[in-house]
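Take a look at the letters that make up each chain.
There are 2 protein chains.
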Amino acid sequence: MRILLVGAGGVGGAFAAIAARRDFFEEIVVADYDLGRAERAAAQDSRYVAARIDASSAASVTALCHEHGITHVMNAVDPVFNMPVFEGAFAAGADYVDMAMSLSTPHPETPHTTTGVKLGDLQFAQESRWEEAGRLALVGMGVEPGLSDVFARYAADHLFSEIDELGTRDGANLVVTDDDGNEIFAPSFSMWTTIEECLNPPVIWERERGWFTTPPFSEPEVFDFPEGIGPVECVNVEHEEVLLMPRWVDCRRATFKYGLGEEFITILKALHTLGLDSTEKVRVKGVEVSPRDVVAAVLPDPATIGPRMTGKTCAGLWVTGRGTDGEPRSTYLHHVVDNEWSMAEYGHQCVVWQTAINPVIALELLATRVWHGAGVLGPEAFDAVPFLDLLTAYGSPWGIQELDPS
Amino acid sequence: MRILLVGAGGVGGAFAAIAARRDFFEEIVVADYDLGRAERAAAQDSRYVAARIDASSAASVTALCHEHGITHVMNAVDPVFNMPVFEGAFAAGADYVDMAMSLSTPHPETPHTTTGVKLGDLQFAQESRWEEAGRLALVGMGVEPGLSDVFARYAADHLFSEIDELGTRDGANLVVTDDDGNEIFAPSFSMWTTIEECLNPPVIWERERGWFTTPPFSEPEVFDFPEGIGPVECVNVEHEEVLLMPRWVDCRRATFKYGLGEEFITILKALHTLGLDSTEKVRVKGVEVSPRDVVAAVLPDPATIGPRMTGKTCAGLWVTGRGTDGEPRSTYLHHVVDNEWSMAEYGHQCVVWQTAINPVIALELLATRVWHGAGVLGPEAFDAVPFLDLLTAYGSPWGIQELDPS
Chain A
1 MRILLVGAGG VGGAFAAIAA RRDFFEEIVV ADYDLGRAER AAAQDSRYVA ARIDASSAAS
61 VTALCHEHGI THVMNAVDPV FNMPVFEGAF AAGADYVDMA MSLSTPHPET PHTTTGVKLG
121 DLQFAQESRW EEAGRLALVG MGVEPGLSDV FARYAADHLF SEIDELGTRD GANLVVTDDD
181 GNEIFAPSFS MWTTIEECLN PPVIWERERG WFTTPPFSEP EVFDFPEGIG PVECVNVEHE
241 EVLLMPRWVD CRRATFKYGL GEEFITILKA LHTLGLDSTE KVRVKGVEVS PRDVVAAVLP
301 DPATIGPRMT GKTCAGLWVT GRGTDGEPRS TYLHHVVDNE WSMAEYGHQC VVWQTAINPV
361 IALELLATRV WHGAGVLGPE AFDAVPFLDL LTAYGSPWGI QELDPS
Chain B
1 MRILLVGAGG VGGAFAAIAA RRDFFEEIVV ADYDLGRAER AAAQDSRYVA ARIDASSAAS
61 VTALCHEHGI THVMNAVDPV FNMPVFEGAF AAGADYVDMA MSLSTPHPET PHTTTGVKLG
121 DLQFAQESRW EEAGRLALVG MGVEPGLSDV FARYAADHLF SEIDELGTRD GANLVVTDDD
181 GNEIFAPSFS MWTTIEECLN PPVIWERERG WFTTPPFSEP EVFDFPEGIG PVECVNVEHE
241 EVLLMPRWVD CRRATFKYGL GEEFITILKA LHTLGLDSTE KVRVKGVEVS PRDVVAAVLP
301 DPATIGPRMT GKTCAGLWVT GRGTDGEPRS TYLHHVVDNE WSMAEYGHQC VVWQTAINPV
361 IALELLATRV WHGAGVLGPE AFDAVPFLDL LTAYGSPWGI QELDPS
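So the protein sequences, as listed, match chains A and B.
Under the UniProt record's numbering, the first residue of the first sequence carries the number 1, and numbering increases by one thereafter.
Under the UniProt record's numbering, the first residue of the second sequence carries the number 1, and numbering increases by one thereafter.
Next up, chain A with everything else stripped away, as it sits in the complex:
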């Protein structure tokens, strides 16, 4: 297996650090628009080479694939570049893995009730082409989407006879402090992307209605996260799981709720009220800037906050329905990473590290032919057991928590 890693940012850098400890591949070309960043990430393993890439150009992706005899393209750039990377891989005859799907466009008239172009629609539109060519695009293979989808497959195959809801629930108790030890507001993930996903209309799937949307921040709910994280206010957010799970796993309803917490929700609403979420440039005292870029610029860079962060992050899937014994069951399958551990062990903060480990495992399963297939497939299209076993073998076990089904 010869991998082209597109993007050496937070998640790409953590991917390189995790893969360096495994022996399932021969070479990884670490490629970034910023060659220096690619070189720094590539320096840690003799099987790595650095390259410059323009992820907005499918031809640039294809050319690099040909140059290095790439078998698998690992997309670790912003999802705005998904389509050129996806198409560049196909043109090169390589398989493809990403951690987020092609972007959505809200419905022009009724954005808060009806879907427009959905997450992944542009990729699924090319499904037959990939299948006919015998090539695999494994989409949404991070932690969420990704591990959450693996949990859905596992729940359907081993824990439930009938599934009511597949509810992805994400929460954390991360705290970032400044040099004086005072708590500061510093999101652990790209603020630009967080605004994008949180202010887009959330999507829900129901067996009778299919996919539909709601206004942002709908259906607030306090979810009690395990391993000491505790209760966090969660709201509906547009996310790939809702688009992926119902395609392969039988259920009545699929949702995604993000534990943004009250303060973050309030801040996102305020930014939206003021129009500071806008990406259109405004004129300010002689210069032109996009307000959303200004918001991102005043906050600390998420890639740099690891050493000043404490706490744990939890990704998981809350499944309700009937167990294999036919009795009502409510189960939360989850994966928790402590920032202190990921910083000490890998030098990467827990949120990006937790995202990056999953595509490494998936590529190892594809390299060893434990997973194989053709077409545009989500993680739930494959057997969950070898994936979850490997997650534990990598030193980062997952967990199951039974909840009161009443």
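Hint data in this document are derived by calculation from the structure and do not stem from the laboratory.
Since the list gives no way to pick one copy over another, a pair counts as held whenever it fits inside one copy or between any two copies.
Computed cross-link-like contacts, SDA-like style, restricted to lysine to any residue with a CA-CA straight-line distance of at most 20 Å:
(1) Lys269 <-> Ala296
(2) Lys118 <-> His107
(3) Lys285 <-> Val80
(4) Lys118 <-> Asn200
(5) Lys118 <-> Leu199
(6) Lys269 <-> Pro111
(7) Lys118 <-> Phe217
(8) Lys118 <-> Trp211
(9) Lys269 <-> Val298
(10) Lys281 <-> Asp293
(11) Lys118 <-> Glu206
(12) Lys269 <-> Pro187
(13) Lys285 <-> Arg37
Just so you know, these numbers come straight off a predicted model, no measurement behind them.
We have chain A; now place chain B onto it with these hints.
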């Protein structure tokens, strides 16, 4: 009386429109950094001439005073320029009126308990100079500060034998809509200045403690405003009344609470949490901008929202203590302006119109020698009755509401 009006923005423009109907002056020089704006405001009256001025330069103010034989300088620019306009007037031997006092600087170590440089300190430091020269600087002569301070004098002279608290309370039920009739977030006053005054530590005066500060947004209270405005959440805000009233009116406590409403408070807190209130420039994709300027730039210009605004604004003073009969008394003296009326009658939105009418009245009282004095004086240093009578004569009556003193 020959007046130099410095600033032809929202309040300056309304000042010119109100004064045009009065005959107490011979000439007004309408001066602005933007000569076109000065010319537009000056076009409405044959006694007006337009001029260009640099309000950051005391010499520029003095020169214009000499050129036109100015007797009174009316300061209607941002308070950041108060000191050059104040000093330029003194150097020219003119009297001076403003609507906000010189700016404060928070205490470097304990900003939320102790005052640093207080509002007006820089002006009061020159008090003896003005007094010895026999010149008058009438400071804080807008609506708040201004009319509120006149109310304090009136309450002390005519309604109360003993005053417990002089509590300025400002509230409104203004709503701004877009072209489709949807309510939008559009502050009726400069967002830059609103951030400045709301995020500075609020100041309180008590007879035993003197002046002290609290954290922003302290002591939230719902005040029920008259004439259909109704209950609005008010919080402590740094404001000139607290610095002015105790100098001339005997009381136990002086406060200022602004009816920002819950949404506005939440938005200001969010801006502060993110650091978007900062005036220090940040680098954003190759250009440098001040985040606070960006926030102001994305919002509608307050000067333009008049036609799309409905509702009323209320300025007033809540006085508690003992009435002239010695019995407990609680009285709200207030002045309400309906935006529909001010737009129809003057073509100016109610918030700037309500600010501008008060210095016109004050100058008329100075022109007719009903008010006279020397030094740096607040509105409460003068007899309130002729002022309030003239307010009613201008067609904009004030009101008194008795509250339950228990």
